Amino acid sequence: MRRALWVVAVLLSHWRRHPLQFATLMIGLIAATALWSGVQALNQQARTSYDRAAAAFGGTRTPMLVSPSGGAFAQQLFVDLRRAGWPVSPVLEARVQIEGRSVRLLGIEPVTMPPEASAAAEIGTAGAQAFIASPGQALISRETLTELGLRDGATPTLGNGQQLPPLKLQAALAPGVIVVDIGIAQTLLAMPDQLSRLLIGKAKGPRPNLESVTGQQLRLVQPESETDLERLTDSFHLNLTAFGLLSFVVGLFIVNSAIGLGFEQRLPMLRTLRACGVSARQPNAVLVLELVMIALLAGAVGLVCGYVIAALLLPDVAASLRGLYGAQIPGQLTLKPEWWLAGLAISVIGALLAAASSLLKAVRLPLLAAAQPYAWQQAQHRWLRLQGGGALLVFATAALVLWFGDSLIAGFIVLAALLLGAALALPVLLGLVLAVGERSTRRPLLRWFWADSRLQLSGLSLALMALLLALAVNVGVGTMVESFSRTFVGWLDGRLSSEIYLNAASEAQAREIRTWLAQRPDVQAVLPGSQAEIQFGGAPVQINGLPDHATFRDQWPLLDATPDAWDRVRDGDGALVSEQLSRRMQLTLGQSVTLPTPTGPWTVQVAAIYADYGNPKGQFTVNIDALLSHLPDSPQTRMGLRVAPENIAVLMDAIRARFGLDGRNLADQASVKKESLGIFNRTFAVTSALNAFTLGVAGVALLTSLLTLSNSRLPQLAPLWAIGLTRRQLAGIELMKTMCVALITALLALPLGLLVAWCLIAIVNVKAFGWRLPFHVFPLQLVALLAIALLAALVASLLPILKLVRMQPADLVRVFANER
Amino acid sequence: MLTVRHLTKSYRSAQEDVAVLRGIDLIVAAGESVALTGESGSGKSTLLHLIAGLDEADAGEIMLGDVAVTRLKDPERAALRRDRLGLVFQQFNLIPSLSVADNLSFQSRLSGRHDQAWQGELIERLGLSALLKRYPEQLSGGQQQRVAIGRALASKPALLLADEPTGNLDEDTADEVMHLVRDLVSRSGCGFLMVTHSARLAAMLDRRVHLRAGLIA
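Heads up: the protein sequence lines correspond to chains A and B, in order. Every letter in the first sequence is one number past the one before it in the working numbering, and letter 326, counting from 1, is 326. Every letter in the second sequence is one number past the one before it in the working numbering, and letter 102, counting from 1, is 102.
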C-alpha cells in the first residue's frame, strides 16, 4: 500500500511541475463535459415537458376508445362499458378561445380516471370535492395563466360567451390546457351527453368483448411510446445533440493533446520507477486511477458550467420550440439526478477515450526505448500513417452511406464521417504542403521555417484538427442558415400576400366582421381562411382552406404544378401538397390521395407541390368551401384582407375600435413577417451560440497546445539565437509558423465546410424537415471566417510569442549549459 | 584579436549575489588556440557565453577585433555571432528539423558568407559525405558533433568558441574530433577558445588558461 502511494505521489509530482499542462487537461475536460451536458440539459428539459403534456389526464400514453370518425360520441356508451366491467373514464376535449388565445379545454371525471393518467395525484383527494361540486374549478398551469394575463381565481369568459369556473393554479399541469369536470365541460361546449374519448385503466378483471358492448361505434387506440410533439421535435433535438457531440469531441482533442504530452514526459519517470523495482502493472493502474479522479473533478466543474450554458440558452430553445412546433417549455431549468450522474460518467468516459492511445503506447513501448527522446515522435509518425489510412477508410464509409443510406441518421453518419475523415487526413495534408514549401526554397531561414513547422505538426495537429472541425461546421452551418434566410425571405413574400391578417374571437364575431368589411370601400378583398387537422400516414397533417383568388394564384410559392392546378383546387377535387408531406409520403403530381374526415373519406388529386418552410407538420391546401363541406367543424375565424397600402393603418384602427381586437388577433403584413423572421432568427440563435462555443474551444485548444509546445521548443530555438537571430526575429518566425499552419488549415476547412453545408441542405434538412433549399455560396462569409480563424490563431499565439520575446538570455543560455 | 579586460559577472541566487567572474583579463591572438580549464563552477562557460554575446557582463570589456562586444545591443550581438563567431556546444544543438547538409550550410548562408568549395572541403575532412541527407536524430554523438563543428566553421568565423565540444564523446572519438578541429582551425586561420575539463585535450592547443573561483589562476 505504501509503495502504491509512493508511486501515486511520484506520478502526481509531474502535474505539480507542469501546472499549465494540468490546466490544459482540466480545461479540455471541463469544456467537453460542459457543452455536452448543457445540450443534454436542454434536451432533457424539453422531453420532460413533452412527457408532462403527454401523460397528463390521459394523453397518448394511455390506451383509449374513440369513435372511428374521430368525432364525438354518446355518453351512453361509457355507461354501457362501465356496467359491462370495462375500467373506462370519460374525456371531452375541444379548443376554446380565451382572451383571444386558443386553449385546449379538457373535461374529465376524476373518480373513474385511471391513476396512471395522473389525474388523482394532480387533483388530490381533498381537492376532488371542490373540483366537482358547483361552481367547480378550472385547473391551469402557471405558464398558461401568465400567457393569458389572468390571476388565480379569475373566471374568464370563453369565445362563445360561456364563463369558466374559477381558475385554480396547478403547477404540475401541462401548459396550454385547462381542465374542468366533464359535466362543466359539456355545458361550456354545449355538448350535452357527448364524449371525445374513453381512457382505459389498467384494472384487471373479466370484461366482455368491446364489439359485444358498443358494436362498431368505438375503436381501441393503443398507447404510443412517442407523442406527435416528440416526433415533430426529434430532428430539432437531434441537431442539438449533434452540436453537443461535436463540441464534446473538440474538447476531447485538448484532453488527448495534454494527456499525450504528459505521458511522453513521464516515460523517463516510469523507467526510473521500474528500475527502482515497481512492477509494470502498478504505474499503469495508477495512471488510470489518476485520470479517473481528474475526470471526476473536471466533470463536476463541467456540469456546473453546463448548467449555466443550458440556463443561458433555454429561453432561445424554448422560443424556437414554441415558434416552430407549438411546444411549451418552462423557462426555468429543472434537472434530474440522472443528468448529474450522466455528466460525470461522460467526463470519465471521454477522458479514458482521449487517453486510450497514450495508455496503449505507455503499456506497449519498451521502457528503454521510451526514454529515448525520439521514440515517442517515431511512434507519432507511425500513428500519422495509420491516421492517413483511417481517413481513407472513413471517407469510403461516408461514400457508401451516402449511396445506400436514406434516413436522417444516415445523413448524420455521412456528416460525422466527413468531419472525422478530414480531421484524420489533416496532419497528412499539412505535412505534404509543408514538405512542398521546404523543397521549393534554398534560403536557409525559409527551409528551417518549413522544416520546423513540419516538426511541430505532431504537437499541434490535434489543436489544428479541432480548428478544422470548428471552422468547417461554422462554414457549413453558416452557409445553410444564410441560404435558408435568403430563401425564407422570398418565400414569406409569396405566402404573406394579404396586407392585413385577423383572427376573430369567435365565429359569430367573424361573421359580423365579414359583414362590416363588405360595406367598406377601402377593402379590395376579404380572403377567408380555415384550417383543420387530421391524422394521415400516422402523423398529424394540416388541411388548409383558401378561397379561389388571384392573390394566391399569382403568389403562392409553388415548386411544381400541373397546368390546371388552381382550377382543380377551385373545383374541390385537387389539393396542393407541402414539400415535406410530398417527400414523406412520396406523393407525386396527379396522384390520388384519400383523406379521412368526419364526413367520410375525401379523395383529392395532387395538383401542385409548394414550399412550406418552418412548418413541422405536413399540409394539404384545398379550396375553403371543399374543406368546410368535408370538415364542417373547422373554425372560420381567420381572414386576410387586401387593402391599398395607404389604407392599412386607417382600416386597422377602425377594426380595433369596432371589434376590440388587439395585436394578438390583428396584424399587418409587416408585423407578421417580422414575427416570422424573429422566430427564424431565434431558431438559429442556439446554433450560432453553439457554433461560437465550438470555435472558442478550438481557439483554447490551439492556445494550450502552443503554450505546451513553447516550453519544449527552447532547445530548437536556442541554437538559432546563438547563431545570430534575435529573440524578436525568432518570435516573429514562430508567429508566422503558427499563422501559416492555421491559414492552411482554414483554407482546407472552407471546401470541407461547403461540403458540410451541402450535406446539411441536401441530406439532413430534407430528412429532418422535409424541405430542400437552393445551395448558395457566400464568399464574404467565407472571407470573414478565414479572418476569424487567423485572428483566433493570432490571439492563441500571442502569449507564447510574448513569453519568447521577453525571455531572458539566461533562459536561452541554459540550453547550452553542460550541467542542465 | 580577442581582448578581455577586468570582466566581472555575478548571478543572483535565492539569498545573495554569487560572483562567477571576478575580473578576468585574457587575450587570444589571431590564429591562436587557447584551452580554458577549471573546476566546475569556476566560470569557464560563463566567460565563453559573455564573449559570444549570449549573456551580458556586469563590468569590464570584451573587444573582438575593433568591436566592443560589451557595448553592443542585443540585435548587434546577434549580428556579431552570425557574421564573426562560430559556436560549438557539448549538447551539439543541431537543428533537428534540418538535414545534415542544411545544418552545415545554415549559418554560412544566413550570414551571406557561404563558400561552396570550403563547405565541400569541410564535408570531406569531417567525413560527412555519406550522411548529408540524414537528420540529426539519425546520427551518433560523434557524427553530430562533427556536423556542429562544420556548421560553426562553414561561415569562416574570426573566432571559434567551443564549450566542452567532446564532453559527450568517448576518448577515441574525442581525440579524433579534436585533431580535426585543430587542423580545420589552422586551415581557416581563425582564433580558437575551448572550454574543457580535460588536461589531455587542453595540451593539444597552443596555450592553456586555468580559471579558479572566477579569476585566471
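Take these hints with a grain of salt, some might be off.
No farther apart than 27 Å at their CA atoms in a straight line, the calculated lysine-lysine pairs in the DSS-like style are these [as the list claims (entries may be wrong)]: (1) A:Lys737 - B:Lys156; (2) A:Lys617 - A:Lys673; (3) A:Lys803 - A:Lys617; (4) B:Lys133 - B:Lys156; (5) A:Lys767 - A:Lys803; (6) B:Lys73 - A:Lys803.
Everything labelled a hint here was simulated from the structure, so no lab data went into it. Treat the numbers as computed from the prediction; the structure is a model and nothing was measured.
Going down the list of hints, with the structure as the test:
1. A:Lys737 - B:Lys156: 30 Å, violated
2. A:Lys617 - A:Lys673: 20 Å, holds
3. A:Lys803 - A:Lys617: 58 Å, violated
4. B:Lys133 - B:Lys156: Measuring from Cα to Cα gives roughly 23 Å; hence the hint holds.
5. A:Lys767 - A:Lys803: 51 Å, violated
6. B:Lys73 - A:Lys803: OK: Lys73 (chain B) and Lys803 (chain A) at ~20 Å, within 27 Å.
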